[in-house]
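Participant: With the numbering used here applied, the sequence shown corresponds to residues 1 to 231, in that order.
Errors might be hidden in some of the hints.
[Unchecked claim] In the BS3-like style, the derived pairs of lysine-lysine whose C-alpha atoms are separated by at most 25 Å in a straight line are:
no.	residue 1	residue 2
1	K82	K40
2	K40	K30
3	K179	K189
4	K124	K30
It is worth saying that the hints were derived from the structure and are not from the lab.
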Amino acid sequence: MKNKLIPIDFLKIPIDPSDTIEGLKEFWKKVLPLTSQREKHFYNVWKNGTDEEIFAELVFCLFTPQSKAVICWAAVNALADKNMIFNSTMEDIANTISGVRFKHNKAKYVVEARNFFTLNEKIKVKEKLASFNDIYELREWIIATIKGIAYKEAGHFLRNIGIGKDLAILDRHILRNLKLYGAIEEIPKTLTVKAYLDIEKKMQDFAKEIGIPVSHLDMLFWCKNTGGIFK
Numbered sequence: 001m002k003n004k005l006i007p008i009d010f011l012k013i014p015i016d017p018s019d020t021i022e023g024l025k026e027f028w029k030k031v032l033p034l035t036s037q038r039e040k041h042f043y044n045v046w047k048n049g050t051d052e053e054i055f056a057e058l059v060f061c062l063f064t065p066q067s068k069a070v071i072c073w074a075a076v077n078a079l080a081d082k083n084m085i086f087n088s089t090m091e092d093i094a095n096t097i098s099g100v101r102f103k104h105n106k107a108k109y110v111v112e113a114r115n116f117f118t119l120n121e122k123i124k125v126k127e128k129l130a131s132f133n134d135i136y137e138l139r140e141w142i143i144a145t146i147k148g149i150a151y152k153e154a155g156h157f158l159r160n161i162g163i164g165k166d167l168a169i170l171d172r173h174i175l176r177n178l179k180l181y182g183a184i185e186e187i188p189k190t191l192t193v194k195a196y197l198d199i200e201k202k203m204q205d206f207a208k209e210i211g212i213p214v215s216h217l218d219m220l221f222w223c224k225n226t227g228g229i230f231k
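Could you build the full structure based on these sequences and the hints that come with them?
Facilitator: Next up, the structure:
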């Protein structure tokens, strides 16, 4: 029996060349129906998704470092189609996710996370995540508990399951745009924990100042450079 995943499409959007805050606001208004649609998708994952679907989102975020999101989600689907997310070895997972960089390490992380969340031969994720009242405490717990997950991946995971909309997902696209629009002065050479949290706060302040939610701002920065919204 195949593992069923909540389907998601790549939403194509024209690349936006503007480099002013007013231009960014106009672009947001233009694509608001799509950013809102994607945000509703994320909320639905948490509201209606199974423990297995939530775990699949974690697997996706374990795959994403230094790999393209579309390729990583295709890899998760390949595992799901073969019923391999919850029933296969590290070697079999690595052989199936050939498009994902550092596949052997990431396959190991998947199996370790799977073992951690397995109780009585069933994946139990939602109840544990729901036991946290503070999203920042939850993020810290995920980083400390799940090998292969740091601040960016933890924020990505929590955003994708609809409970981390105010968290930053700081990658090169986001950092470049934060500098472009004056939210930060420089892109740090090394993104330490202190630097990450400092830039996250600056991104949150910038979002509040221009009236665009952090979750939408993240999608805007991505789609204005890549021509679409994904995960």
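Participant: Each hint should be assessed against the structure and marked as holding or not.
Facilitator: Status of the hints after comparison with the structure:
1. The suggested pairing of K82 with K40 is violated, with an alpha-carbon distance near 28 Å, which exceeds 25 Å.
2. Pair hint K40 plus K30 holds up; C-alpha atoms about 18 Å apart against a cutoff of 25 Å.
3. Of the pairs offered as hints, the one joining K179 and K189 holds, with about 13 Å between alpha carbons and a cut-off of 25 Å not exceeded.
4. Restraint check for K124 and K30: the C-alpha separation of about 40 Å exceeds 25 Å, so the hint is violated.
Hint compliance for this structure: hints 1 and 4 are not met, and every other hint is.
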